[in-house]
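*Asks:* Full structure from sequences and hints, please.
Its first residue numbered 1, the sequence shown is counted upward by one per residue in my numbering.
Hints listed in this document are in silico derivations from the structure and should not be mistaken for laboratory results.
Treat the hints with caution; some may be incorrect.
As the list claims (entries may be wrong) - With a Cα cut of at most 27 angstroms, we get these calculated DSS-like pairs of lysine-lysine:
#1 K293 to K347
#2 K153 to K123
#3 K39 to K347
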Amino acid sequence: MSSESAARAWACVNLEAIAHNLDIARQALPDTELMPVVKAGAYGHGLEPVARRLDNHGISFFGVANVGEARRLQRAGVRTTPFILGPTFPEEREEIVQNGWCCTISTVAEAAHFQSLSALYEKETALHVAVDTGMGREGFLPDQLATAAVQIKGMPNLRIEGIMSHFPAADEDVPFTQNEIGLFTDCAGTLQQYFSLRYRHIAASAGELGYEVPVANLARPGLLLYGVAPMASIYDGVLRPTLSLHARVTLVRELPAGHGVSYGRTHITTAPTRVATIGIGYADGWNRQISNKGARVYINGHYCPMLGRVTMDQIMVDVTDVPGGVQSGDEVELFGTHIPVAEVAAKAGTIVWEIFTGLGPRLPRIY
Numbered sequence: 001m002s003s004e005s006a007a008r009a010w011a012c013v014n015l016e017a018i019a020h021n022l023d024i025a026r027q028a029l030p031d032t033e034l035m036p037v038v039k040a041g042a043y044g045h046g047l048e049p050v051a052r053r054l055d056n057h058g059i060s061f062f063g064v065a066n067v068g069e070a071r072r073l074q075r076a077g078v079r080t081t082p083f084i085l086g087p088t089f090p091e092e093r094e095e096i097v098q099n100g101w102c103c104t105i106s107t108v109a110e111a112a113h114f115q116s117l118s119a120l121y122e123k124e125t126a127l128h129v130a131v132d133t134g135m136g137r138e139g140f141l142p143d144q145l146a147t148a149a150v151q152i153k154g155m156p157n158l159r160i161e162g163i164m165s166h167f168p169a170a171d172e173d174v175p176f177t178q179n180e181i182g183l184f185t186d187c188a189g190t191l192q193q194y195f196s197l198r199y200r201h202i203a204a205s206a207g208e209l210g211y212e213v214p215v216a217n218l219a220r221p222g223l224l225l226y227g228v229a230p231m232a233s234i235y236d237g238v239l240r241p242t243l244s245l246h247a248r249v250t251l252v253r254e255l256p257a258g259h260g261v262s263y264g265r266t267h268i269t270t271a272p273t274r275v276a277t278i279g280i281g282y283a284d285g286w287n288r289q290i291s292n293k294g295a296r297v298y299i300n301g302h303y304c305p306m307l308g309r310v311t312m313d314q315i316m317v318d319v320t321d322v323p324g325g326v327q328s329g330d331e332v333e334l335f336g337t338h339i340p341v342a343e344v345a346a347k348a349g350t351i352v353w354e355i356f357t358g359l360g361p362r363l364p365r366i367y
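*Replies:* Quick look at the structure:
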């Protein structure tokens, strides 16, 4: 009888570390309610397991990207209300109204459609008005807000309970962000003349750690929830890593000097080299852009340089100098305890968000 073999590559997720990091977010803003952002599979960590772990953690919403993610939360038995952060399609709004999910509006036409659906089903729908204070992605422009509010005020089945925006450059442009805070404060004041706003939110992780927004009473922690601070703060040393990436050596071979490694022969051995093939590639989310950038992995207590280009299912590394050698089946750390995920992102010329969310669906998550 055959038995199922162990995975060639996998990700380990520490749910308790995620809960700890949510507590750190609460410490950073003690008088602010929280909307943990769990979109994109909870940044690659797994939507349902993460949401279930945080469901009873005193939060206001779960931030999701679309109706499909909200539906998954509902099917998983999660009780916290999903908040759909992005614009919605007309054909999605009936489901939103019927389930009592929360979302944003950026136009009067969207509001009118929600009003007609809410009246049809004899429901009251909670909405947050999005205002564009600089991101350019969604929301009313500030000078459109008062006129829009007058029109929306006449829609009796809508409960406008919040105003939201988003910082486009909190970790890069402090003066712009400070001006944006003032603009958002003004917009909240304008809308408050027409509606009783229960929630006012603009800050994600960088905004939460780096700025004070006195008018805001809700924050949307994302990356810091998953153990990485997007900008320097006093909390750098207390956030806990939440995800590590591992694989196994599949083959170890001796290559002579002058032998090419991987596609394009971008690496040529300069001396006899002991090369380990590892069962992970760009189909698993190990970014191809990290090829030939000095990336390393951790095997049997030693750092080993990656050789040549990342392929779809495999990478090669130099294990010549590992005392005691390396064998097929040995475990490899791609990032985690010994290699920070920020190092991997820097080598790949990208951001930690992409590394996390790029982890492929064929990678088992071990919780």
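*Asks:* Against the earlier hints, flag every one the structure doesn't satisfy and list their numbers going up.
*Replies:* Violated hints: none; all satisfied.
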